[in-house]
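Here is what each chain is made of, one letter per residue.
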Amino acid sequence: MTLPRRAWLALILVAAVLAALPFVLQLAGTAWVRIANFAILYTLLALGLNIVVGFAGLLDLGYIAFYAVGAYVYALLASPHFGLHLPFWVILPLGAGVAALFGILLGTPTLKLRGDYLAIVTLGFGEIIRIFLNNLSRPVNVTNGPQGIARIDPFRIDGFDFSRYEMLFGIQVSGPIKYYYLLLLAVVAVIVVNFRLQNSRIGRAWEAIREDEIAARSMGINTRNLKLLAFAMGASFGGLAGGMFAAIQAFISPESFVLVESIMVVSMVVLGGMGNVWGVILGAVLLSFVPEVLRWTVQPLQGALFGRQLIDPEVIRMLIFGFALVLVMIFRPAGLLPSAVRKRELAERAP
Amino acid sequence: MDTFLQQLVNGLTAGSVYAVVALGYTMVYGIIQLINFAHGEVVMIGALVAYTIINALAPSGLPPAAVVLIATAGAIPVCMLVGYAMERLAYRPLRTAPRLAPLITAIGVSIILQHLAMLVWSRNVLAFPQIIRTESYGFFGATITNVQIAIILVCVLMMAGLALLVYRTRLGTAMRATAQNPQVAGLMGVDINAVIAATFLIGAALGAVAGVLYGTYYGVAQYTMGSILGLKAFSAAVLGGIGNVPGAMLGGVLLGIVEALGAGYIGDLTDLCAYPFLSAALGERCANGGEFILAGSNYQDVFAFLVLILVLVFRPSGLLGERVGDRA
Amino acid sequence: MNKSFALAIAAAVALLGCGKEEPKKADTGAEKKEAAQAAPPAAPAIEIKIASAAPLTVKTPHLGKDNENGVRLAIEEANAAKLKIDGKDAKFVLVSEDDQGDPKVGTTVAQKLVDAKVAGVVGHLNSGVTIPASVVYNQAGIPMISGSATNPEVTERGFKVTFRTVGRDDQQGPAIASYLASNNKPKVVAVIDDATAYGKGIADEVEKTLKAAKVQVLPRENGTDSTTDWKAVLTKIRGRKPDAVFYGGMDQTGGPLLKQGRELGIKAVFAFGDGACTDEMNKLAGPAAEGLLCSQAGIPPQAADKKFLEAFKKRFNVDPILYAPFTYDGANLLIEAMKKANSADPAKYLPELAKISYMGATGKIEFDQKGDRKDAEMTIFTMKGGKLEPIAIVKAGKTMSYDEFVKSAAAAPAAAPASAPAAAEAPKAPPAEPKK
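Protein chains in written order, with our numbering: chain C, 35 to 385; chain U, 18 to 345; chain Y, 2 to 437.
Just so you know, these hints were derived from the structure itself, not from any lab. Since this is a predicted model, take the numbers as computed values, not measurements. Keep in mind that a hint or two might mislead.
[Stated by the list, open to error] Pair ranges (Cβ atoms, derived): (1) E367(Y) to L22(U): 48 to 58 Å; (2) T113(U) to W312(C): 21 to 31 Å; (3) V174(C) to P76(U): 11 to 21 Å; (4) R366(C) to Y101(U): 54 to 64 Å.
Just so you know, even glycine gets a beta-carbon here, dropped at the ideal spot from N, CA and C.
Let the sequences and hints guide you as you build the complete structure.
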């Protein structure tokens, strides 16, 4: 990658801003750091889903299942539930790996399915995973069922505990700030992987499959393996995000992995622009901040206009998701920041 | 035996409701190959409109059957309007777009309809006034109520009516022509837009009826009821062979029965203590009437999804559907 | 290092302009609102923020509002009483946050409350949210009292700051189960739950107690929190001929369950937990609801402090739905502990809270080591003519009929430490908010 000077400058600037961001947010309250952390977590998820949906063109409506798998792997191996306390650098990759296995498990039987059927099957798959997590407390207690798993270990390196307040170099650093940097690191890694993939043989093969599977196969592309690879890679990022979620929350239960979450991540990818990494990031950040923005705008506005809340912000948030999906598909099918290829492809519509 | 028979009755009734919803999926899919993800929400709106009307008329002293009929008559036009608006505003602009586009739109429409309904009817579970006196009839140890009989009858009537419409009328001919090849049908003088709109209208009307059936049978309705019902009905449509009218009916009833028998028997079947050699191995757990049930009724919602996945993987055309090249 | 950080911050501030402005603006907005609520500045006054956290927009907003109203009433009464803490006029301010019943939002909300430097929190409503949120409160050392989170895990993690005024699943489950076992003497009981943390939690405890009482319990059956078709499960149960059916779940699923059970001709007694112990059952199940047994944590609203009920009704124009008396007590406990410690500093009043003994709207409240309520009372109700009527009180494993309880309670005030002499009217008349 040879970048022009100005691009380097911009990159350094962005890096500086991102590095300083949590301290700025901290001024407004640590809660904002937490909100930023969740935004990054969703960005991770959206980037993972982007590999499946954006690159390979396989709509996955059950993506949150992999997030759940990653979270549960972490929770089971680092909590008093089984009395296991493995270090996070062991479990996180393991969680990503197990999630990738589940990705292949989902991918294998559905290889032949066409787009819209695949979408529905993945949705079913996501629900099945959730139902299993919710019920695997009997006859042998594996997941602790709907009560979830509490007291999950935070990330810890040699007594450096990510969840605690600490004074570092004379600056007060809270738990959420430490996690912020960790998440940022993860998201940067995933962005790099995304870009490298996109421009690799694999990425181009995915693109070919997305455009026309039969043509791709006749060009000698091993569509089966590549589709499975897409599922596995997407799933492993979901698993990674899940593990971090479990550590940050210290508690997980199946109710965090419902269908609405899957749809939210899909909305982020679709709104931002399927297949375009920057677009997906934009979509994820935008939609993650919607509830907060609404809290500060719509609520006081309604209070001022009508003296009470006519429409709950949560409803407005869901309506925004719904309308985002519909309007984007109709008026800007390639998303807010379309990828070049996708744009071309969607402009010349199928007969 | 009486338990088994009762489970069949349960499954048949629940399956009849699925079947009527599945008809809506199958009609739309048959014509434009669109999974109208939001069809479950049309059913939900049908049920909620019926709730409002029945609630208003309950104290009037009209005979219960008349109240339900009026409610149905009120729900149908509302649902048709919703169905038409959906087609016109969300799906028609995307008719030539790649297949995933309308599906994503449909998810959006589904979210929008749910939350609009929530604004109108609140978040609460709404209890239908109990106007119909339930009469139970016993046979061979099983009981069936008058409401259940009515639901099964309505379902059969709906399917018969729809089959007549599709195979015996001009509109039906136009629909089948559009389903086979919209371009050619258009060249032959079929107004494709009108035919597709009509399909949505009919599907929505069926959805309204399904909503009323659901509401009067279970006695409750809520703005979220459409999504899981819709998914199950879609599974039923796929099972029967999507795009096929009798298939939807068959798939619905079969799915209902699979669910009822599944919830009824899977616990006993997966109780390891019931198998002598395993129960010996489990020892303590099985002593004194203990159990070691791998999966009980807690997995009952899994059946619909399993059916869906198995059918799509092994027989994508479903039980009654014809094998079509690019169907799955 | 320090310097470069500072530089980076400065750069970010300069660059971020709008990104940063938003939260700031919001903050001042919030402060303004609080300032507007505050009374005209009296000479030495302190403002004490007490938070209520519950789902106000999703899942169970009616219960969330109910919880918030309980806290609001307690705070308004405390303000009207013109308390002095540390020699200053105490001005209590309610900070209400919506946790959406979502664990993720719950931790963010908890952090917001910590940032806002609230003195104490009454919440959250759901156990699933309370558990992760309490981690945040624990780190900040802010006391939290839940009036509705019944999952044992809430207080099982050794946190010094977590309390609850409501009974745990493993207090409530045994209450209804032992009542059932001793009164209806069933041989076989079917237990169903809705596969939620609440429903499964209480059903597990019921099963344990019944088994201990040598009652045969059928293998667990399940639905979900949105199940409407219970017929398959009920048909299976019917085949086993149970004498009683217990369901752990909410009224919206319990209603159809009961109705369909009777339709299938099941004659057994149906017993439910507090989630389905509401007047709504009458609407949802119709005539089938008659004879239903159910339990609520605490003493029944009829027996609860009349003054509280009247004040609540007068202030909000509705009756408390479920947990409002518990959150009302929760807020009062915080205030009482602050008064005793003569400080609103969490570190100072926390020890007072832990050893408090207080007559609240839901009866006498003392906490044990974990922060759970000692000997919480449970009430058993039955549906009679479309209304829930209390029939018995279970306390510390002992069952007493409701009439007996009323009589003994009427005699009790003389002995109770914190009660007022005006016990003639109400069966039990502890002062709703302390006036000294």
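Here is how each hint holds up against the structure:
Our hint of 48 to 58 Å for E367(Y) and L22(U) holds, since their Cβ atoms are close to 56 Å apart. At about 28 Å, the CB distance of T113(U) to W312(C) agrees with the hint of 21 to 31 Å. The hint said 11 to 21 Å for the Cβ distance between V174(C) and P76(U), and at roughly 54 Å that hint is violated. Here the CB-CB span from R366(C) to Y101(U) is close to 25 Å, at odds with the stated 54 to 64 Å.
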